[in-house]
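Chemist: Here the protein sequences line up with chains B and A, keeping their order.
For reference, each letter of the first sequence is one residue, going 1 to 110 in this note's numbering.
For reference, each letter of the second sequence is one residue, going 1 to 883 in this note's numbering.
One or more hints might be untrue.
Said to hold, decoys possible - Straight-line distance between alpha carbons at most 25 Å, and here's what the computed DSS-like set of lysine-lysine pairs gives:
(1) K56(A) <-> K33(B)
(2) K615(A) <-> K672(A)
(3) K77(B) <-> K21(A)
(4) K21(A) <-> K60(B)
(5) K137(A) <-> K77(B)
(6) K60(B) <-> K65(A)
(7) K125(A) <-> K77(B)
(8) K97(B) <-> K83(B)
(9) K125(A) <-> K299(A)
(10) K46(B) <-> K19(B)
(11) K276(A) <-> K46(B)
(12) K785(A) <-> K46(B)
(13) K46(B) <-> K77(B)
(14) K65(A) <-> K33(B)
(15) K46(B) <-> K673(A)
(16) K19(B) <-> K60(B)
(17) K95(A) <-> K673(A)
(18) K56(A) <-> K46(B)
(19) K77(B) <-> K97(B)
(20) K276(A) <-> K242(A)
(21) K137(A) <-> K95(A)
(22) K33(B) <-> K52(A)
(23) K785(A) <-> K873(A)
(24) K276(A) <-> K77(B)
(25) K97(B) <-> K60(B)
(26) K19(B) <-> K88(B)
(27) K60(B) <-> K83(B)
(28) K65(A) <-> K21(A)
(29) K299(A) <-> K137(A)
Claimed, not checked - Some residues of chain A that are not near chain B, with every Cβ distance over 12 Å (derived):
(30) L80
(31) R308
(32) S471
No lab work stands behind these hints, which were simulated from the structure alone.
Source: prediction; values computed, not measured.
Backbone N, C-alpha and C define an ideal beta-carbon position, used for all residues, glycine too.
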Amino acid sequence: MAKDTTDLLQGTLDLLILKTLSLEPMNGWAISKRIRQVSNENFDIKQGSLYPCLHRLEEKQFINSEWGTSENNRRAKYYSLTKLGRKKLSTETEVWKRFSGNVELILQMS
Amino acid sequence: MLRFLEQWFNRLLALFRNGSKQRELDMELQAHIELMTQDYIRSGMSPEDARKAASKHFGATEKFKEECRDSWGTRVVMDLIRDIRYSARSLWKSKGFAFTVIATLALCIGANTTIFSVLYELVLKPLPFQDHERIVKIYNIPKGGQRSDFSNASWSQYNHLNEQADLFEGFVLARPLSRTVDGVQRDVSGVTSDFFDLLGVRPLLGRFFAPEEVHPGPGNVAILTETTWKNDFSSDPNVVGKTLQIFNEVPYVIVGVAPRSIETLYPAASFFIPFKLIPSSLNPRYRTMPRSDLWAKLKPDVSREQGRLHLEAVERRAIEEYHPQYMNVWEMNPRHFEVDPPHPLASSLVILQGGTLILFIVGGINVLNLLLSRSARRGAELSVRHSFGAGKAVLGRMMLIESLLLAMFGFVLGCILAWGGLFVFNFFFITLFPKSEEITLGFTVFIWSLVMAGAIAFLAGLLPFTALWGSGRIRKTDKSSRSSSTDRRGRFLSNGLVVTQVAITITLVIGAGLVIRSFGNILSVDPGFDAAHVIKGRVVINRVYPDRRDWLDARNRILYAMRQIPGVENVAFDLDRVTVGQGVNHDRFSIRGGSANGEEQPHALKVNVNSEYFKTMGIEILEGRTFYSGLDEFDTSYIVDESFANRYLEGGVTLGAEVHVEDPPLNDEDWKKIIGIARRANFQGLESRDGLPVVYMDGEHRPQWGFTILLRTERESESVVRDMQSKLREINSQLILQQATSLDKPLTKLHMDRQGVALLAGVFACLALFLSAVGIYGVLSYDVKQRQREIGTRTAVGAKKSNVLMMVIRQGIWKTTIGLGLGLLASLHLTRFLENQLFDMAALDFQTYFIAILVLLLIAFIASYLPARRAVKVEPIEVLRAE
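Chain A with its partners taken away, still in its complex shape (with noise of 0.2 Å):
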């Protein structure tokens, strides 16, 4: 390999020393003339005779210095550029064609391109960390808990991993948190000091945290990432030891600088601050906390699986070992480790791939049917040409180059085409995960088009040589087998890729067509509440009141002002941001009576709300009442939705169940009412319908950090956002309203993922069948092309002319009836995949299948029939004179 590396190095460079050899040689001739002389004038003779004598000996040079320059190599070179010189021309001649293979690889090439980047960049690229393989991010899921209900690892999960679990490397601790510095909320990463070494990272500057850091006390310090170093701080080399002026915290020393190879878990942050120990965390009681990440490092050979069975069996030692009180509540719930999960995008993705793999087939296929008839067109020429001497290899050469030619053009369009797709990607991507980086073409993805481009551009120039060279075309120069029938081959190789064609499209098509009436079935979930005139807002208290016992009045004269803006007619709060869709605060709850499912302690979320919020959020009280407000104490009872009632109550939506926190209380009297039962609110978007049930308490007596205010108005958003901030400012000056907008913009972002995987699916499939009708059209007009003799005289015996053309369309659908049947074969195994990403419905829909059966039958008709018409007006008499 290396030496033909070599060889072909040297032959190009021969190519730019052509002229420099060719002197070299004239030398060398020039001196063999002169080294005869002499040695014939040595021998006796005259120097004038001599001289005479050796180049008549020499005899003409000409033919041999041809002879010596072939043996350079440079005319391989040559050849080579002869050839893509005339496929060049000779594509140029048929344009036609060539645009449509070009167009057609693009199309494949570009959708694959961008598709593959995103998934690259999101699931498959790894991490940029030494032994990134074994780098794992831990879930602590409840049972039956969606994604988005997890709930994550404490300083007490954390430091009794780091004790137990000995197929591990280390834990570390790190949470997402926020700081306001310079008056601006920046996102920041509290991690606990080992964070950076187990990730195998070395500062940029200064050094990282200590482990003494971490724990209260006095003595603030931060990290700063490579970014916010380049933005903030100019890349200052004196950076460290300078200080941080967080809102309402005693300034932070700056001690070192991250490299950037961490900002890829943390894209957000942009610096880090100790994971300061707070006591109380490690209470076994809080064994999870919401939203802290646990990172951890598997041993060198230990697989994932190993490391998850361990994990689990470590975490039910520990609940039997250290709290034998909480032991039935454990084995209620197991916890689900799930380590690595990948983007919320990734399944979409992966579903996309397929899609766009297929679109690529389909696509292929074409080119492939496109250059198949083209050769066989060519018969005539390559057989002249071969009578002339060039042999197989150098015909193969030339259809190779010209399928090179073609795969080379496409490549570089569908490149571009993949450009303006991750641009309009990322402008979707950027808002539905603000936080998120551009997604770029990157070296990796290049190559796999390439590899792709060089593939088809492979096959489609040497199978179809190989099929008209397996018929004898060009080996035989009687004309007259270029009518007959002896190309069978290269007709049962286009037939039977039509068929494949089609089979494959029918699966795209039907894997799209469930993904689109998953959505629609999304669609058409009733969210439970009215988003529409819904203005929310978050106000955090505990910097400005740091008193715990002043903040239910800040809380009360907060809402109190925001009820004076004009316009509003009511204003609820959450304490637990679950109307934003981001409830941590779940919980097991036991029933008086048992529950109506046999679970013992069934699961549901908790939000603490005021009596106003169900007005506030349009959300039906379906049975009872709502909170008494005003009372100088706790309304004790709760709401529950639909959801739970229908689940855990016996009688379903009734009143008069009993139920109660965790464990049954000790004394009768203890068990909490049941009051009212609302409509079950998706707040989560619409797929959370089977999610979590909720349970509504009464939150106005309970003192609370932070809250979102919920605005109920028929006034313009900003506007209302507006008054709403002053009238904050008017209470404290340095109260922030974070993340004020209408309630229904944010959700209309939980759908689009789903939106956009619909609609690219359903642009994939449309792509797909017209690609498969072109490929349909294209066998059955080059075979009634090639049919026109038999048709003519079909005629001129009398066939009718509705006969030719039911003919015509018969072999269509034909062809088109296999390809379905295989299609839908393979259709009902792939369709399995889909299962768990379909919404209320199963992957056998019938409805779609049936209706992509006929959308496929429909297009191929009409493929069918463009080449039956041209059948139809084919003239007897044309034809036979053509004879």
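Next comes chain B alone, as it looks inside the complex (with noise of 0.2 Å):
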């Protein structure tokens, strides 16, 4: 598997994004270290990707942003789903499990 998200596939980090925030509101770090953990270090996600997705998701109107105190009281901005978001989420889930089953189909055939 890729070591880096440029090698991801375009929209997927958007989907790790909302999924990893369906959880909980979390800072830009904590994303990125929660997607390293669940991942077993195989996505390492570069600030450079992350940071510009997250503007984009949150100027869509996808996520939240708001500034709040980390669990070492460290000030730092939350990001959280919103209504929009959530629903955003529940489709492009939908889509990427069509998508990739239907990958799977065309590779077990050859």
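Assemble the dimeric complex from its two separately framed chains, guided by the hints.
Modeler: As structure tokens, this is what we get:
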């Protein structure tokens, strides 16, 4: 599996971020940490991809941001899912499932 | 849509918050690094190492900061500003082009906005009342009469309709009057007590009239208009209860103030008084009475046409049921109810609006053509930009912004022009309709013009671009395609546009030609009287001499005094305002032996005059004589005008016929002899030539409460008027001379609207001709430029200069001819709408058509000749070298 997000399919990063945020509001560092952990260190999302993506999602009103305090008392910007974002997550998940299933089908055929 | 707006709003806000967002991003990234460092420390690194590792892992921030900024959306706004600046600069570089486009747009938008402002204010604007679409004014118009002949409702009709016409919520009466308040003559409206209720207005102060206040009796009350309250009483909150001193009447107590909305119905009135019920007016014989307005409100969901039919039915039933003796009469004269008549200028304005719309299309086509040829010239520039990565959307947006900029300037200038146009219009308008309010540029009209400017901007921006893009020239970088004919699409488009332009122009030119010729026809009508040296003035005597028995004597004394004024040749009077074009006293006549045109009871205006009237007015007696004067009794004979004789009398202008007002007399000796036939005098303006005929009666022994004095004199009118006033004052200091001027002054006003329409139609037609000429010229000269290589080659292989010249001119004429053909077909249909506006001519006027075609061909020839001459100058060697 690719080590970097640049190799991730376009749009996949959006999906990963939305999924991660669906559990609880998080700051940028925590998001990248969580994705790394969950993917068994396979996905290491660089800040250069993460932040433009977060800002884009915010502009599209899928997520909200708010300044808050981390567990070790550091002020950081926390992102949370909006209603629109939740809807987007469920449709995108559906799309992804269908897409990956189709890709798998084709791969098995040959 | 809402989200879209919100997004744009946020973008604009973001533009202002750009700085703070930038700082926020920095802080966010800083926090990220620190959180990372802390995690590294927790996993056992030294603080120093942790910080280094974090920074290293984080990498360079500038690039993705940029990416973040992109996602904020301010980018779009910044791009837009850059595009606007770019477009403005490129327009500045081709000032001639920009100026032509802006001037054309300004002219077209200005003309449209001006005319539309007037049309909207006078015709289209709804009344400012609740359920205004249901409020109508009801007219009784006699058969064969003109609009100015109408007589209106009376108490009898008002009461009856209120009882019987159940498709209406109610009817109210109103009557414009005049009263002298503190020595100043003021316009007043007499209204029934339900007037304000029907219109749904509430008093600003106090109350409106109570039903019993319309009944005759003591106790006069008045309601001020808001304007009078403001101007004359400085908005005094305690005005209710004060009194108005009205000349010769018991003081009026002010009981309330009406809101301004009511002034749209009677703009001249300064206050309202109750419409006093005169018991005699309940007499069904007086079902119609001069100068009373009947307003009504339709019930919901009843159309005007339903209302009109219903009224006619009710009216017919009323005659059958209540006045069977008049049945024959009424059936002979079915009254046409005209609901909600438009302003007298309405039809002229609609015609002019049609003209300006055509002008707008012609101008718009020019703008489109100019932008087409400009975009074709810029093919190379666009294709360079395209190869550097600007996509269709970016290039399209750039072109659109350019045309939007042009349209915006055109719109602003157009509005300024319209403002000036309205200023000029108001000057004439107030002269023509002295009691009207000035017309200003309203919001609705403003929006309409904005939409027009926007539409032309989108068309002129996107159409040339799509044509250019479709031709494929932008996407190819091949340079040789520039001069080949790959942009056939653009040329086809602009040729089509020129043809359309010519077609539309010819309809406007023909329309204007018809209007102008018709105006000429009107001017060539003989007025039938000589107003140049006649001075008129009106005297009302019943307020000074309340007793009817004094009236005759008073009038004779006044006329005698007038004769004493030096320089006065003749003195006459008119008891019925016919001479000043306001005659409303018309009647049916019976003619012994029947009317010549088969009409059993023809209509005519009645006017009571004295024997000197014809001499004073310069009206020729064609046959017979005038009345005898100085008799002790009425001269019971009549004098009729030419029009009466020609239309109704057997044998035309010959004496001897006998007539009688209304029904034939019971005794044969009561028939009235016609002793004279006078030349037709068109008192209501030259167009009234075919209006109601006039019957002159001897008024010398008829007492009347007011009359019009007519003096013939060579002296200058102002000093005579002064003499007339002093003579009147000598007789009784309370007598007032009203509306005293020379008679031809109001007459010249009568044609001012026609004159204005003819003038403006002519101006619009000339503008359209000019714009078409520019259009033909523009397209041909662009063509010539495009075909330089071809022309050069032709010349090189021996084509003569005259051949080249003819080739280009032929092209111009050819396009014009196609346009003319189409335009003539359209004109045949469109001019039919003008038909009832034309005087003494058919809409299919050969002469007008012929001249219009000739003018257009001539102009097309000139417009083609100029580019053709340039084509001749093409040097083959130059062209080939350029290749």
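Chemist: Hint by hint, note whether the structure agrees.
Modeler: Against the structure, the hints come out as follows:
Of the supplied pair hints, the one linking K56(A) and K33(B) holds, its CA atoms being roughly 17 Å apart against a limit of 25 Å. Taken as a hint, the K615(A) and K672(A) pair is honoured in the structure, with Cα atoms around 23 Å apart against an allowance of 25 Å. Distance check on the hinted pair: K77(B) and K21(A) sit about 13 Å apart at the alpha-carbon level, within 25 Å; holds. Only pairs whose Cα atoms come within 25 Å are accepted, and K21(A) paired with K60(B) is accepted, the gap being roughly 17 Å.
Restraint check for K137(A) and K77(B): the C-alpha separation of about 70 Å exceeds 25 Å, so the hint is violated. Taking the CA atoms of K60(B) and K65(A), the gap is about 18 Å. The hint holds against a cut of 25 Å. Of the pairs offered as hints, the one joining K125(A) and K77(B) is violated, with about 57 Å between alpha carbons and a cut-off of 25 Å exceeded. Distance restraint check for K97(B) and K83(B): the Cα-Cα separation of roughly 21 Å lies within the 25 Å cut-off, and the hinted pair is therefore satisfied.
This hinted pair checks out: K125(A) and K299(A) have alpha carbons roughly 21 Å apart, not beyond 25 Å. With a C-alpha separation of about 18 Å, the suggested pairing of K46(B) with K19(B) holds against the 25 Å cut-off. Only pairs whose Cα atoms come within 25 Å are accepted, and K276(A) paired with K46(B) is rejected, the gap being roughly 93 Å. Annotation: proposed proximity of K785(A) to K46(B) is violated, straight-line Cα distance about 59 Å (limit 25 Å).
Only pairs whose Cα atoms come within 25 Å are accepted, and K46(B) paired with K77(B) is accepted, the gap being roughly 17 Å. A hinted pair counts as satisfied when its Cα atoms are at most 25 Å apart, and K65(A) with K33(B) qualifies at roughly 21 Å. Taking the CA atoms of K46(B) and K673(A), the gap is near 116 Å; set against the 25 Å cutoff, the hint is violated. Distance restraint check for K19(B) and K60(B): the Cα-Cα separation of roughly 16 Å lies within the 25 Å cut-off, and the hinted pair is therefore satisfied.
This hinted pair does not check out: K95(A) and K673(A) have alpha carbons roughly 79 Å apart, beyond 25 Å. Simply put, K56(A) and K46(B) have alpha-carbon atoms about 12 Å apart, close enough for the 25 Å limit, and the pair holds. For the hint pairing K77(B) with K97(B), the CA-to-CA distance comes to about 31 Å; that exceeds 25 Å, so the pair is violated. A distance of roughly 21 Å separates the Cα atoms of K276(A) and K242(A); the hinted pair therefore holds under the 25 Å criterion.
A distance of roughly 54 Å separates the Cα atoms of K137(A) and K95(A); the hinted pair therefore is violated under the 25 Å criterion. Taken as a hint, the K33(B) and K52(A) pair is honoured in the structure, with Cα atoms around 18 Å apart against an allowance of 25 Å. Simply put, K785(A) and K873(A) have alpha-carbon atoms about 11 Å apart, close enough for the 25 Å limit, and the pair holds. A hinted pair counts as satisfied when its Cα atoms are at most 25 Å apart, and K276(A) with K77(B) does not qualify at roughly 81 Å.
Only pairs whose Cα atoms come within 25 Å are accepted, and K97(B) paired with K60(B) is accepted, the gap being roughly 23 Å. For the given pair, K19(B) sits about 10 Å from K88(B) by alpha-carbon distance, which is consistent with the 25 Å threshold. Distance restraint check for K60(B) and K83(B): the Cα-Cα separation of roughly 12 Å lies within the 25 Å cut-off, and the hinted pair is therefore satisfied. Between K65(A) and K21(A) the CA atoms are separated by roughly 11 Å; this keeps the pair inside 25 Å, and the hint holds.
Distance check on the hinted pair: K299(A) and K137(A) sit about 14 Å apart at the alpha-carbon level, within 25 Å; holds. With a least CB separation of 17 Å from chain B, L80(A) remains clear of the 12 Å interface cut-off, as annotated. The beta carbon of R308(A) sits about 57 Å from the closest Cβ of chain B, which is more than 12 Å, so the claim that it is off the interface holds. With a least CB separation of 35 Å from chain B, S471(A) remains clear of the 12 Å interface cut-off, as annotated.
Violated hints, listed in ascending order, are 5, 7, 11, 12, 15, 17, 19, 21 and 24; each of the other numbered hints is respected by the structure.
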